[in-house]
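Participant: Based on the sequences and whatever the hints tell you, model everything.
Heads up: the protein sequence lines correspond to chains L and E, in order. Under our numbering, the first residue of the first sequence carries the number 1, and numbering increases by one thereafter. Under our numbering, the first residue of the second sequence carries the number 1, and numbering increases by one thereafter.
No incorrect hints appear here.
As a list, the in silico DSS-like pairs of lysine-lysine whose alpha-carbon atoms are at most 25 Å apart:
1) L:K31 <-> E:K320
2) E:K187 <-> L:K278
3) E:K297 <-> L:K79
4) L:K79 <-> E:K320
5) L:K31 <-> E:K187
6) L:K278 <-> E:K109
7) L:K87 <-> E:K109
8) L:K174 <-> L:K79
9) E:K187 <-> E:K317
10) E:K297 <-> L:K31
11) L:K31 <-> E:K109
12) L:K31 <-> L:K174
13) E:K297 <-> E:K109
14) L:K174 <-> E:K109
15) E:K275 <-> L:K113
16) E:K317 <-> L:K87
17) L:K174 <-> E:K320
18) L:K87 <-> E:K187
19) E:K317 <-> L:K174
No lab work stands behind these hints, which were simulated from the structure alone.
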Amino acid sequence: MLIQVLVNGFLQGGFYACIGVSFSIVFGIMKIINLAQGTQIILGAYITYTICQFIRIDPFLTLPFATISLFFLGYFIQKYIINLVAKGGLVITSLLTFGLNLILINIALLIWKADFRGTNPWYMGMSFEIWGMTIPYVRLIIFIIAILFTLSLDFFFRKTETGNSIQATALNPKAAQLMGIDIGKTYCLTFAISSAIGGAMGTLFILAKPISPFTGGDFLIILFSVAILGGLGSIPGALIAGIILGMVESFSVMFFGIEYQKIMLNLVYLLILIFLPKGLLGKRFYG
Amino acid sequence: MGNWRKRKNYLFVGIFLLFLFVPLFLRGYWIRLLTNMFMFAVLAESVNIIAGYCGYLALGNMFFFGLGAYTVAVLMTKFSFPFYCSLLIAGFGASFFAMVVGLPILRLKGQYFLMATVGLLELLREITTNLSLTGGGQGITLPIFPGGASAANYFFYYYMFFLMILSILCTFYISKSHFGFAFRAIKFDEDAASVIGINPTPYKTLAWSISAFFTALTGGGYAYWMTYIDPGEVYQIMPSVKMYLMMVLGGAGTVLGPIAGAFFIELISELVWGKFLELHLLILGLVLVLVVIFTPKGFIDLIHKGLSPSKLLLGIKANKV
Numbered sequence: 001m002l003i004q005v006l007v008n009g010f011l012q013g014g015f016y017a018c019i020g021v022s023f024s025i026v027f028g029i030m031k032i033i034n035l036a037q038g039t040q041i042i043l044g045a046y047i048t049y050t051i052c053q054f055i056r057i058d059p060f061l062t063l064p065f066a067t068i069s070l071f072f073l074g075y076f077i078q079k080y081i082i083n084l085v086a087k088g089g090l091v092i093t094s095l096l097t098f099g100l101n102l103i104l105i106n107i108a109l110l111i112w113k114a115d116f117r118g119t120n121p122w123y124m125g126m127s128f129e130i131w132g133m134t135i136p137y138v139r140l141i142i143f144i145i146a147i148l149f150t151l152s153l154d155f156f157f158r159k160t161e162t163g164n165s166i167q168a169t170a171l172n173p174k175a176a177q178l179m180g181i182d183i184g185k186t187y188c189l190t191f192a193i194s195s196a197i198g199g200a201m202g203t204l205f206i207l208a209k210p211i212s213p214f215t216g217g218d219f220l221i222i223l224f225s226v227a228i229l230g231g232l233g234s235i236p237g238a239l240i241a242g243i244i245l246g247m248v249e250s251f252s253v254m255f256f257g258i259e260y261q262k263i264m265l266n267l268v269y270l271l272i273l274i275f276l277p278k279g280l281l282g283k284r285f286y287g
Numbered sequence: 001m002g003n004w005r006k007r008k009n010y011l012f013v014g015i016f017l018l019f020l021f022v023p024l025f026l027r028g029y030w031i032r033l034l035t036n037m038f039m040f041a042v043l044a045e046s047v048n049i050i051a052g053y054c055g056y057l058a059l060g061n062m063f064f065f066g067l068g069a070y071t072v073a074v075l076m077t078k079f080s081f082p083f084y085c086s087l088l089i090a091g092f093g094a095s096f097f098a099m100v101v102g103l104p105i106l107r108l109k110g111q112y113f114l115m116a117t118v119g120l121l122e123l124l125r126e127i128t129t130n131l132s133l134t135g136g137g138q139g140i141t142l143p144i145f146p147g148g149a150s151a152a153n154y155f156f157y158y159y160m161f162f163l164m165i166l167s168i169l170c171t172f173y174i175s176k177s178h179f180g181f182a183f184r185a186i187k188f189d190e191d192a193a194s195v196i197g198i199n200p201t202p203y204k205t206l207a208w209s210i211s212a213f214f215t216a217l218t219g220g221g222y223a224y225w226m227t228y229i230d231p232g233e234v235y236q237i238m239p240s241v242k243m244y245l246m247m248v249l250g251g252a253g254t255v256l257g258p259i260a261g262a263f264f265i266e267l268i269s270e271l272v273w274g275k276f277l278e279l280h281l282l283i284l285g286l287v288l289v290l291v292v293i294f295t296p297k298g299f300i301d302l303i304h305k306g307l308s309p310s311k312l313l314l315g316i317k318a319n320k321v
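Facilitator: As structure tokens, this is what we get:
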């Protein structure tokens, strides 16, 4: 029983880590709290849903479509809207992303209505057993894809030139500009990557649970907690944080019951903020 | 200049008298609309005290509203307290809560404080949903105001109106007193403020508890006015964001700016609600986006600078990357 709960938390944690990373890079690099990230995830899920409605292909195959379309959406949002106020400070950027959130929710409402939608592939309920644990195939694949996305993002940031330029911009925008980095473009790219990962995670999410246009709000606390517990913009940190949160969630279900799951998550989140605001692997840059 | 000041005072007295006697000539819908406007004006003003003056962005400030609403509701139904008594308990209880929670949370800065208040909002909503005392997710029904619907309309009109006047006076006093200077010093640079002898902690806590007091009183009045509340309704992030929009639109850190912003946004919301029910989130979102792009410092700043398009574009350039 205990080990089953542990595994459930671990599998859920991989997903949390990845959505947390998508929020954390925007937060860490641009100092913008993207309140629209939850809805971007939902948009990715809706893209999967729509494709599966029209041509009956496997939902996992729609992953590239959701990723690419959200990439372009994110790029345009950043280029034509957020970049206009990116230096405006916290109130301004938070209000802006909340406004975008409302717009995206309303568009989703107009297109897909307020009903809950889900995909139901044939392998949905199937699972295998190993050492007395039951592991659903879908959960395992979601976990693997989420971890792959997270690790490849880490690789991108550390090993490629574009990734380095993004990190340089996070460190010191002015100095980065002097080195010939176009900050506007870098911001666009960062936001686009964040949206793209969000879209991909949406595809994975709709495989596990049905969604409505308002589901995006439920992600908010998880996004916040992963970003903070992991440390701003730190990808390995977010990975650990996501898994810890997954554990917290599944253990609170085990010990207190499902209705206390959200209370426990929120409580843990607040305690993290109070006692560990720099996060597990958060480093302060001394640029 | 002196002449304008005198005229401004006459203007305020005129507006005050207008709102004082206007219910005599209006029917239910308009009275309710005005009550709603006053309610948001109080909320925007109380957010202004902590965010506009003190610079601490309590985006989840709406949880004081929920606390106030639930305190009044529970005390009136489960313990049959009279309304005013439970209202006072709600107001001071929320202030106390702000002090207790403020001790750890007000140490956080900027984004972290904002995110902590959002977390508190979610936490309180979940707790309220799971408590049996508060009626859980089903919500709670309050006793109906004695004397019928129209008496209730008048009562809550004047309740919200005088609460608004009280909040304006309080903010005015703060802006002129040494508290206001301390708050602004903290907003500008907390470390520098503590260097010149302002201990930030008591001032921040005071600002937040005043803000909590007014927000909770509004919530308590709202609960009795609506006679039904549920956790999903009173612990929402949306009205919080609206409060910030009103504050930014009217001018953060000014006495009357948030009030004007509240009236403007509520009128727009009302029109939008009536005409385009399906699009109201979209329109509110567009207003948010346009306001922060074009008037990040509020209408007052725009009027001071003059309304020419070139200056508008110049304003955009200031925040552009």
